[in-house]
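Residue strings, one per chain:
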Amino acid sequence: MSSKVQISLVAGILILIGLGLTLYKKIEFGFPLLPGQRQAVWTLESKISFKPLAGPVEISLALPDSQAGWVVLDDHFASSGFGFTVMTSNGNRYARWARQSLDRSTTLYYKLQLYRADNFGLGGSPVPEILPPELTADRQAAMERVVASLQERSSGPVSFTALLLKQLVQDQMDQDAIFLFGSREESKLAVVMDILAFSGIPSQRVRGVFLEDGRRRQKINSLVEVFDGKHWHIFDPKTGQPGLPENFFVWRRGGASVLDVLGGSSSQLEFAIVKNTLPIKTVLFMEQQVGEQPLLDFSIYSLPVEQQGVFKGLLLIPVGALVVVLLRVLVGIRTSGTFMPILIALAFIQTTLLTGLVIFLTVVGAGLWIRYYLSHLNLLLVARITAVVIVVIFIMAALSIVSYKLGFAQVLTVTFLPTIILAWTIERMSILWEEEGVHEVLIQGGGSLLAAILAYLLMSTALIEHLTFNFPELMISLLGVVLLIGKYSGYRLTELHRFRDLGRPDK
Amino acid sequence: MRWITPRELREQGVLGMNSRNIDYIGRTNDRSRYPLVDNKLKTKQAAQQHGMSVPNLFGVVKIQHEVQGLESLLEGLEKFVIKPAQGSGGKGILVISERRGDEFIKSTGAILNLRDVKRHTSNILSGLYSLGGRPDVAMIEDMIDFDEMLSNYSHEGVPDIRVIVYRGFPVMAMMRCSTHASDGKANLHQGAVGVGIDIVTGHSLYAVQNNQKVDQHPDTGFRFDELELPHWDEVLHLAAGCFEMTELGYFGADIVLDRNSGPVILELNARPGLAIQIANQAGLRKRLHMVNDMRPIERGVEERVQLAKRMFGVTMV
Chain A
1 MSSKVQISLV AGILILIGLG LTLYKKIEFG FPLLPGQRQA VWTLESKISF
51 KPLAGPVEIS LALPDSQAGW VVLDDHFASS GFGFTVMTSN GNRYARWARQ
101 SLDRSTTLYY KLQLYRADNF GLGGSPVPEI LPPELTADRQ AAMERVVASL
151 QERSSGPVSF TALLLKQLVQ DQMDQDAIFL FGSREESKLA VVMDILAFSG
201 IPSQRVRGVF LEDGRRRQKI NSLVEVFDGK HWHIFDPKTG QPGLPENFFV
251 WRRGGASVLD VLGGSSSQLE FAIVKNTLPI KTVLFMEQQV GEQPLLDFSI
301 YSLPVEQQGV FKGLLLIPVG ALVVVLLRVL VGIRTSGTFM PILIALAFIQ
351 TTLLTGLVIF LTVVGAGLWI RYYLSHLNLL LVARITAVVI VVIFIMAALS
401 IVSYKLGFAQ VLTVTFLPTI ILAWTIERMS ILWEEEGVHE VLIQGGGSLL
451 AAILAYLLMS TALIEHLTFN FPELMISLLG VVLLIGKYSG YRLTELHRFR
501 DLGRPDK
Chain B
1 MRWITPRELR EQGVLGMNSR NIDYIGRTND RSRYPLVDNK LKTKQAAQQH
51 GMSVPNLFGV VKIQHEVQGL ESLLEGLEKF VIKPAQGSGG KGILVISERR
101 GDEFIKSTGA ILNLRDVKRH TSNILSGLYS LGGRPDVAMI EDMIDFDEML
151 SNYSHEGVPD IRVIVYRGFP VMAMMRCSTH ASDGKANLHQ GAVGVGIDIV
201 TGHSLYAVQN NQKVDQHPDT GFRFDELELP HWDEVLHLAA GCFEMTELGY
251 FGADIVLDRN SGPVILELNA RPGLAIQIAN QAGLRKRLHM VNDMRPIERG
301 VEERVQLAKR MFGVTMV
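Heads up: the protein sequence lines correspond to chains A and B, in order.
For the first sequence, position 242 matches number 242 in our numbering, and the numbering has no gaps at all.
For the second sequence, position 269 matches number 269 in our numbering, and the numbering has no gaps at all.
Read the hints as simulated data drawn from the structure, not as lab findings.
Cβ coordinates follow ideal geometry from the N, Cα and C atoms, glycine included.
Treat each hint with caution, since some may be false.
[To be verified] Computed cross-link-like contacts, DSS-like style, restricted to lysine-lysine with a CA-CA straight-line distance of at most 25 Å: (1) 4(A) / 286(B); (2) 62(B) / 79(B); (3) 487(A) / 79(B); (4) 4(A) / 25(A); (5) 166(A) / 219(A); (6) 219(A) / 25(A).
[Said to hold, decoys possible] Where chain B lies over chain A, by a calculated footprint (3+ residues, C-beta under 8 Å): (7) 102-108; (8) 484-495.
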């Protein structure tokens, strides 16, 4: 009995601590409990990595300005052991790291948080001087013919550029253009810029980052911008589409490169990107408070962006686990593998529910069929599981390729399904099939899927996502609840059906 | 779909899975004692030390190499059973009831040769029949010559008696009769018939198949109300005696009746299922509470059996 009291006490305290901390954050700091009016806040972590050469090292990184409605909320630099300055030249901000010598590869970080307050175009910009490219005689001739052909079919700088990019994207170039684009090692964009300069159209590169949630190694991308005498027009050279893409954050408009490394080689600039949908107020406020409030200093927000992204997923697991515990202990649903449903639910978050279900059923179905054959071979357990793992990966690859060819790009998300878990599921189901019959397989398989779907529905709710990420202390309360459930000795829902005729022998 | 309310279940004193796990298995079963019941070889050895009757053990094959010497081990054995020590759900049990020259005749009538028997033994060792595919050992033991009362009520399988023992008291019993529908298995959820047995007399109380009351065995046609288990006192003593041997507070003893040597322990189960309540049309919880309410005095097997009979007897209607 005392253990029951003890558990209740501990659970009660845990629940109160979690709720208390949450309320404290709400009342004292004004954290919104409901997701409410939300705004996508992007956190970009730029990683500059390079190999130093002998002698002094100097790295300069062009810093972005707020453009096209983007607002930089906050930025941070990590520059251990480097002399660091932020300076302005020609109206542009630069971060400069310098050091006398360095003996190993190093990574520097620059982190910024931004959101799009408004959505308008880029506006005016000084028109750069046109520098005609220096060309060899054969390239000069080809260039003349390409420009002439384009000019013939276009009415001005904008349609000229659109036509040029269309040819490039759709691969409909004539011999001259192929020669121009193919013979040089430089990027296609450089050739496009050359052609524009040659035809006397003022143009510049617009460098920036495509914001995609969860990307870890995003590189800087360039758009091309042309001036028609009055306005600037922007194009994405990869697609040929005019206009500034919705998710493109402009880092630097015009000008030379974004990153310069003196005294180093193999320099790289990569971005890790995480999107949080939050009230702006929260973010602004977080940034002010971090470092000042010890409680907030230990929040998830103080972690590097990559880890924040990981935790966003991890913090959802307890919610899924709670669903499984409830279903097993209170309802009495049998699942195959205790926490397999959570992993499936996590995969569903990536694949979306319907696609995920179809893929899951296909892979497990095909796997069971092959496992059925393997069981005749009478293999040892580990070898059998390994064989199933290989088969599962093979099925996943086949599924991806076939569906991609058929035009269902969604199925590519199959890679998010946990391979090893799938293999074990197949193994377990097939043993169950042999020992208990297909009925039991359907019960447990159905139970697992039901648990996974319920967990998915809960985990993908905006409110749950908001609460778990912004109030991780709620996990303490969750722990308390789980402890209480662990002491629940009442009937399960399914037992109310199982023992329905007990004591009523004549029915 | 019909349901029963939790209140009704409580009034019936039905034990639920959660309560079984927390209040009985979790509280009274020491994990370190589990291997003793999960491994039939260990169970058998312990039972023999305590002087309890178990099927006679002829030999054990522990490593693949020993499979080669199986022939000499089986020398002179007319009938025997080869089974995995950690098998689950009655899988992997090979029953040889007769030998004709080089041939082994299975109880079902199928004919095997020595190579078949060796392969079966080898499969047992490699874990084909054990839970999770763990490597196992093969036990060779005497074939049970089932008492007529049991074999009348089972089809293609092992008819056994399950007794739930709590703190040494036999609290509830049932007979599990395999049927054609259950594929010779004695599991109720697979379609075997569960027959509730009166603790006092060993007489049947109620028979149920797939949650439906049945009056006679669906395959053999014998009426369940004529079922009265012989040697009933011995069965209870045997089951209750396992308490001293296992030191488990809550377990199920699976007992069979041999025509010649009477009740023998087949195996023990540290997590016995709850279906026995359906077969008895009675809840376990009340009986478990009655045992709990008794003052913890050291009592012998005989006294416990007598007390149990006094407490758990069902007056026939």
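To see whether the hints hold, each was checked on the structure:
| no. | hint | in the structure |
| --- | --- | --- |
| 1 | 4(A) / 286(B) | holds, 21 Å |
| 2 | 62(B) / 79(B) | holds, 21 Å |
| 3 | 487(A) / 79(B) | violated, 50 Å |
| 4 | 4(A) / 25(A) | violated, 32 Å |
| 5 | 166(A) / 219(A) | holds, 24 Å |
| 6 | 219(A) / 25(A) | violated, 37 Å |
| 7 | 102-108 | violated (count 0) |
| 8 | 484-495 | holds (count 7) |
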